[in-house]
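**Student:** One-letter residues, chain by chain:
4 protein chains.
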Amino acid sequence: MTDFKTALIVGAGDGLSAALARLFTDNGLQVALAARNIDKLQSLKDKLGAHTFQCDASQVDSVLQLFNAVDASLGARDVVVYNPSYRTRGPIAELDPAAVQQALMVTAYGGFLVGQQATKRMEATGKGAILFTGASASVKGYPHSAPFAMGKFALRGLVQSMARELAPKNIHVAHFIIDGAILPPGQQQPTDSPDRFLEPNEIATSYWHVLQQHRSTWTWEMELRPWVERF
Amino acid sequence: MTDFKTALIVGAGDGLSAALARLFTDNGLQVALAARNIDKLQSLKDKLGAHTFQCDASQVDSVLQLFNAVDASLGARDVVVYNPSYRTRGPIAELDPAAVQQALMVTAYGGFLVGQQATKRMEATGKGAILFTGASASVKGYPHSAPFAMGKFALRGLVQSMARELAPKNIHVAHFIIDGAILPPGQQQPTDSPDRFLEPNEIATSYWHVLQQHRSTWTWEMELRPWVERF
Amino acid sequence: MTDFKTALIVGAGDGLSAALARLFTDNGLQVALAARNIDKLQSLKDKLGAHTFQCDASQVDSVLQLFNAVDASLGARDVVVYNPSYRTRGPIAELDPAAVQQALMVTAYGGFLVGQQATKRMEATGKGAILFTGASASVKGYPHSAPFAMGKFALRGLVQSMARELAPKNIHVAHFIIDGAILPPGQQQPTDSPDRFLEPNEIATSYWHVLQQHRSTWTWEMELRPWVERF
Amino acid sequence: MTDFKTALIVGAGDGLSAALARLFTDNGLQVALAARNIDKLQSLKDKLGAHTFQCDASQVDSVLQLFNAVDASLGARDVVVYNPSYRTRGPIAELDPAAVQQALMVTAYGGFLVGQQATKRMEATGKGAILFTGASASVKGYPHSAPFAMGKFALRGLVQSMARELAPKNIHVAHFIIDGAILPPGQQQPTDSPDRFLEPNEIATSYWHVLQQHRSTWTWEMELRPWVERF
Chain A
1 MTDFKTALIV GAGDGLSAAL ARLFTDNGLQ VALAARNIDK LQSLKDKLGA HTFQCDASQV
61 DSVLQLFNAV DASLGARDVV VYNPSYRTRG PIAELDPAAV QQALMVTAYG GFLVGQQATK
121 RMEATGKGAI LFTGASASVK GYPHSAPFAM GKFALRGLVQ SMARELAPKN IHVAHFIIDG
181 AILPPGQQQP TDSPDRFLEP NEIATSYWHV LQQHRSTWTW EMELRPWVER F
Chain B
1 MTDFKTALIV GAGDGLSAAL ARLFTDNGLQ VALAARNIDK LQSLKDKLGA HTFQCDASQV
61 DSVLQLFNAV DASLGARDVV VYNPSYRTRG PIAELDPAAV QQALMVTAYG GFLVGQQATK
121 RMEATGKGAI LFTGASASVK GYPHSAPFAM GKFALRGLVQ SMARELAPKN IHVAHFIIDG
181 AILPPGQQQP TDSPDRFLEP NEIATSYWHV LQQHRSTWTW EMELRPWVER F
Chain C
1 MTDFKTALIV GAGDGLSAAL ARLFTDNGLQ VALAARNIDK LQSLKDKLGA HTFQCDASQV
61 DSVLQLFNAV DASLGARDVV VYNPSYRTRG PIAELDPAAV QQALMVTAYG GFLVGQQATK
121 RMEATGKGAI LFTGASASVK GYPHSAPFAM GKFALRGLVQ SMARELAPKN IHVAHFIIDG
181 AILPPGQQQP TDSPDRFLEP NEIATSYWHV LQQHRSTWTW EMELRPWVER F
Chain D
1 MTDFKTALIV GAGDGLSAAL ARLFTDNGLQ VALAARNIDK LQSLKDKLGA HTFQCDASQV
61 DSVLQLFNAV DASLGARDVV VYNPSYRTRG PIAELDPAAV QQALMVTAYG GFLVGQQATK
121 RMEATGKGAI LFTGASASVK GYPHSAPFAM GKFALRGLVQ SMARELAPKN IHVAHFIIDG
181 AILPPGQQQP TDSPDRFLEP NEIATSYWHV LQQHRSTWTW EMELRPWVER F
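Protein sequence lines, in the order shown, are assigned to chains A, B, C and D.
One point on numbering: in the UniProt record's numbering, the residue at position 104 of the first sequence is 104, and numbering is uninterrupted.
One point on numbering: in the UniProt record's numbering, the residue at position 110 of the second sequence is 110, and numbering is uninterrupted.
One point on numbering: in the UniProt record's numbering, the residue at position 98 of the third sequence is 98, and numbering is uninterrupted.
One point on numbering: in the UniProt record's numbering, the residue at position 66 of the fourth sequence is 66, and numbering is uninterrupted.
The set of hints was computed from the structure by calculation and includes no laboratory data.
Wrong hints could be hidden among the right ones.
It does not matter which identical chain is used: a pair holds within one copy or between any two.
Below, computed lysine-lysine pairings styled on BS3-like, alpha-carbon distance capped at 25 Å [claimed, not checked]:
1. Lys140 x Lys120
2. Lys5 x Lys127
3. Lys140 x Lys45
4. Lys140 x Lys169
Please model the entire structure based on the sequences and the hints provided.
**Tutor:** Structure below.
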């Protein structure tokens, strides 16, 4: 069994990230949350006693500062989760190039920056887990959604490469393909189509399972989708 | 949360199947075990109070009799697991055609026969889970291993088709890709390469996690491999 | 460039197989056609001067007799194409087990039997190409179409395994995923949706291209679909 | 049959790009070559009568200027090929972030910029083909090669999304996975392992085949590898 004490969640909001923060805290981990806008993290911080950090994950310096700050307050980071993504939609001919670049930077490059800092620290301690959140677009390029596909495909390439390098170093790298819509905070499942949205708490449970896996039996990628989702 | 009461494990031996039987029993399920040779199931039967049934999963009549017998003793089957496979190795030019046919019949056709009977009963009760055990050969055709690839690819096609049909009927169909060697019963992990074989109990834990998934957040396929396995 | 003199097409009908037979003949190859029912091959035989052979590709003896007969009439077989498939549709619970077994036998096991005989002969001459026809179902298990998915997935596993073994022996093994409906013989493309069906002659052109590939630059799998096909 | 008159090759060097330029010219197309450094294109320009353009494909303005310049000299672009990539290798912990960003910009973002300009023009004329060059890293993230995987995975996501959007608009978008090492210009195949490197001229032949495909029978992705390459 794993023996993780601390977790850093990057891209923390009030959906999946909040569910992860709660579940990690319930299981005794000390949690740090990082987001571009930490105002929205206040209530989570209060409830969970979590540390919060402002960070733009697509900026080298900002990520470095984040990790240094977390080093100072939590010490080792056993678990790091990367959630941020940026997307823009439209026909290829009409996409704004700056937004496409932003999609690559936030969704994929930021994953590299955070993954790299996490790797450095976990290699030093000889253990850890780095989890990345993907989407349907990680494995299928939908029409009118090229920027999201570019970012999420790139992130998957990164994760696969990291998993192959780091698994034999006792660092568990895993990728989750969220193949469907997550239930938005404060909303209910529709009564005429029950459980059609992924429940954040249920997604968190699968992340937690992967974190608990014995190293003889690791998963590097897991798809999650609602029972009524076509795939 | 799921509320499963009974499980039928087909292809029961003393490795993964035994681990599943123990874990299911520990969690309060009544377990039935089916195998071509039930002599080897005696100690498991005694320890767990499990029912055992003789069955050749590649024969229509044998599978039908199995399910009828389980109907009579356990009633509803909430969980069905299909493990059997048959393989033969060698260069294409030297393979025995009868053995190739056997690989298809045991690995894939038997999966269909068991899956079909399970489906009929689960559709009647409106719930259930059917789990299938795959291998590296489910997604990669290795040289000198065509029969295993044929059987496991076919099984994966079956599972994918069943998952798409049955998920919206509240029946969770899932496929596990065991990508590495399972620690043989009675053996220890090598001291010079710790945890290099998949632990049956750890595999069972991931099957159990998938069984516990909420239907808003289902996995249809999960890969499991040792930390040192190249992939 | 390749220097192929003879071709054997198994599963010959009046659609893709006929197109291949014509294209091969036009390019100077001597063509043999094999089918369960050779009556339907009569006009093709007359037009092309092709040899025809009765064969049930899912039967060991029948395949052996076919290859022996072709040995006697054509000598070496440089190119072998395997097209047959058998499918049945329906919900899992309602499928006829005998039809499912038939789908595996014709679609996949027959591919092995023909592939094995072709391999033996090509290994002796040190060259050759074996082409297999797949479908959308080769890579996606659609609901209500499990038997076809089982057969076509299995065939793909076979081909991948053969390709890995035989490529370094100078035998080119390739798999074509026909992802869409082929224009039926005698029909026209619909005027309100031009070119929405795959043209058999155009498919044949891609098979021919793969046959012409230099061994420094081989394809083992190629998808073909109409421009308006969703994928 | 297609009726293409002009081709723009971006990322033109003296390997694959030169082979494509020669083959296109031989088949009657007027060819434009774009590269960051056009000095190296001089001999090709002289031999083929090709137009050459300086362009940094990862810069919005540079790509726009390129297309405007090509508009002025060639008119319509029927075929556009995107080849550039940038890679850097090393353990995750040691990679230079700036180089990782560069890999994403050149390999993937530049593909988008060029693809977008090509799309605008081809939508106006109602036809065209856009071809992208991938690598083994397009589908597999190798250890110590994360930046290349990120760039090439992202490019593949882009191409898949473009193919789905543009195919029904009569624009053929295709992706080539070069799975092996290309024979460097001026070198010979090793005598002890003949044809172990992909021949640029042979790759070009497959690109040409895809360009010639009838729209009822299009390929969106094609893998090419030497006969002795393990995959």
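**Student:** All the hints need checking, so say for each whether the structure fits it.
**Tutor:** Evaluation of the provided hints:
In this assembly of identical chains, the alpha carbons of Lys140 and Lys120 lie at most 25 Å apart only when taken from different copies (23 Å versus 31 Å within one copy). In this assembly of identical chains, the alpha carbons of Lys5 and Lys127 lie at most 25 Å apart only when taken from the same copy (12 Å versus 38 Å across copies). In this assembly of identical chains, the alpha carbons of Lys140 and Lys45 never lie at most 25 Å apart, being 36 Å within a copy and 39 Å across copies at closest. In the homo-oligomer, the alpha carbons of Lys140 and Lys169 lie at most 25 Å apart only across protomers (20 Å), although the nearest pairing inside one protomer, at 31 Å, exceeds that limit.
The structure fails hint 3 only (numbered hints given earlier).
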